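Quick note, the sequences are listed as chains H and P, same order. Residue numbers for the first sequence follow the working numbering, so the first one is 1 and each next one is one higher. Residue numbers for the second sequence follow the working numbering, so the first one is 353 and each next one is one higher.
Just so you know, the hints here were simulated from the structure itself, not pulled from any lab data. Because the structure is a prediction, the values reported are computed rather than measured. Some clues are possibly wrong.
Straight-line alpha carbon distances no greater than 25 Å define the calculated BS3-like cross-link-like pairs of lysine-lysine that follow [claimed, not checked]:
no.	chain 1	residue 1	chain 2	residue 2
1	P	Lys445	H	Lys149
2	H	Lys73	P	Lys404
3	P	Lys404	H	Lys76
4	H	Lys158	H	Lys277
5	P	Lys449	H	Lys266
6	P	Lys403	H	Lys76
7	P	Lys445	H	Lys266
8	H	Lys86	P	Lys423
9	P	Lys438	H	Lys269
10	H	Lys269	P	Lys445
11	P	Lys403	H	Lys73
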Amino acid sequence: MAGHTNRLSAPILSFIIFLFICVSFSMIFSCSNPETSQRIYQRSQFLMDTLVEIKAVTNDSGIADRAMGDAFKVIKEVEDRMSARKSGSLLDRIGRDAVGKPMKIPDELFNIIEVCQEYSRRTNGSFDISINPVTRLWHFDQTEKAVPKEEDIRNAIKFVGFGGIQLDKEKGTIELDREGMSLDLGGAAKGYAVDKAVEKLKESGIVAGIVNAGGDLRVFGKRPDGEPWNIGIQDPEDSEGVIATIQLTDMALVTSGDYERYIIYKGTKYHHIIDPKTGQPARGCKSVSIVFMKAFDADILSTAIFVMGPEAGMRLIENMPGVEGMIVDASGRIQVSSGLKDRLKLYRNAIP
Amino acid sequence: MSSRFFSHIRHTLTRADIILIGFLVLCTIFSFSLWFRSGSGQKVIIMVDGKKVRQISLKNEKKEIVMQGLKGPFVFELKDGKVRMKDSACPNKLCVKMGWISQEGQMICCIPNRVVLKIIGEKEIYDAVAR
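Please construct the entire structure, taking both the sequences and the accompanying hints into account.
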């Protein structure tokens, strides 16, 4: 009887030992994760008035360092070239030297302004790079805590109007209609810089990554584990939460929100997205997120649609091929474009 | 029942078998402990001018810390697994107005003072957050 039990339990005991070995090994290996040598390297720098974060996937830390350093350099160069505020900058010179007479500008800037003009036409001036006379009255980052006088805004807005910008494609020149006009690429430069940085990373041998310039972001390739990048979108009503997540590969996502830069004056919040027609902060939305292949276009569209408001804005998104988006309107209601409904994981209810 | 089981084991297994089983059990417990330890513990990293200068666990921390930014000092507070900027040497205090953050991947930036408070975990939920 005892011999019988012995013969029976020996396999059971070996099986238990075998299980222990399996469990131990699987646990040890799941901790060390040896199946891939690709990893995510990350760096961040303060550029373009925001924190720019770069993630780069590679198996070589030297390549990662060089590529990210070069990408930051590209962003810094775009910042220097596109700045409206620095006196002596190209945009500053256009405001002085291109009034009433054509001025030759570099191809890169010409192409950027040409795309901006196209979007100004499509959005009936909700996006307008000639808004500079108005935006420079607002001080969202400075110590000045007052809002501009209405009279000053009324005077400045006379000089706003994209129709007053003339481009000559053959000669590569720009001309401004009237004295007092000036340009501000603030609604497009960040997105443009993000695209340039992504190109630089790819050229430098980075297989996948993210460039995130404070809400203007673009991803390429996949995570080292083969999964798409998991991107959160900030909840405009709650600093602690994200309102939605989306899985992206090779796509840009740009969010414009009323919480990014603002001042509170006499109990009212004045944020940085200014309606070119009124000179005042646009009041129809809390945040607009645009998904598109390029951050440059997505940046322009998120600003334009924020100004257009939720209804006209969503119509524009639905009418543009390849463009998807999410709008949180002033009352907190969420609208999601048709192509994004299945891809976006919302943490609050959208209107159906 | 159990005494019969153990006496049975004593008769079937050699001393070497028992040592081996004991060793494997210890291995298992050890690897489990590794696994659980790596799963917990959000941290907040503090960056000044793009460089990481400090890292603090968010778990069971309740304190205020003063550090030096690029323009001047900043104060941040840790409480109940959350962090907020309490003050910073910046004109507009947007960082202070942002309030508390508690989720991995979230961050508070003070751009004028070049300070970032960012919550990280062993496994980040988000690869990036569009703010």
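Here is how each hint holds up against the structure:
About 23 Å separates the Cα atoms of lysine 445 of chain P and lysine 149 of chain H, which keeps this hinted pair within 25 Å; it holds. The hinted pair formed by lysine 73 of chain H and lysine 404 of chain P meets the criterion: a straight-line CA distance of about 20 Å does not exceed 25 Å. Between lysine 404 of chain P and lysine 76 of chain H the CA atoms are separated by roughly 21 Å; this keeps the pair inside 25 Å, and the hint holds. For the given pair, lysine 158 of chain H sits about 10 Å from lysine 277 of chain H by alpha-carbon distance, which is consistent with the 25 Å threshold.
At most 25 Å may separate the alpha-carbon atoms for a hinted pair to count; lysine 449 of chain P and lysine 266 of chain H meet this at roughly 16 Å. Taking the CA atoms of lysine 403 of chain P and lysine 76 of chain H, the gap is near 17 Å; set against the 25 Å cutoff, the hint holds. Between lysine 445 of chain P and lysine 266 of chain H the CA atoms are separated by roughly 16 Å; this keeps the pair inside 25 Å, and the hint holds. The hinted pair formed by lysine 86 of chain H and lysine 423 of chain P meets the criterion: a straight-line CA distance of about 21 Å does not exceed 25 Å.
Distance check on the hinted pair: lysine 438 of chain P and lysine 269 of chain H sit about 21 Å apart at the alpha-carbon level, within 25 Å; holds. Note on lysine 269 of chain H and lysine 445 of chain P: the hinted pairing holds, with a Cα-Cα distance of about 14 Å set against a maximum of 25 Å. Distance restraint check for lysine 403 of chain P and lysine 73 of chain H: the Cα-Cα separation of roughly 17 Å lies within the 25 Å cut-off, and the hinted pair is therefore satisfied.
The structure shown violates none of the earlier numbered hints.
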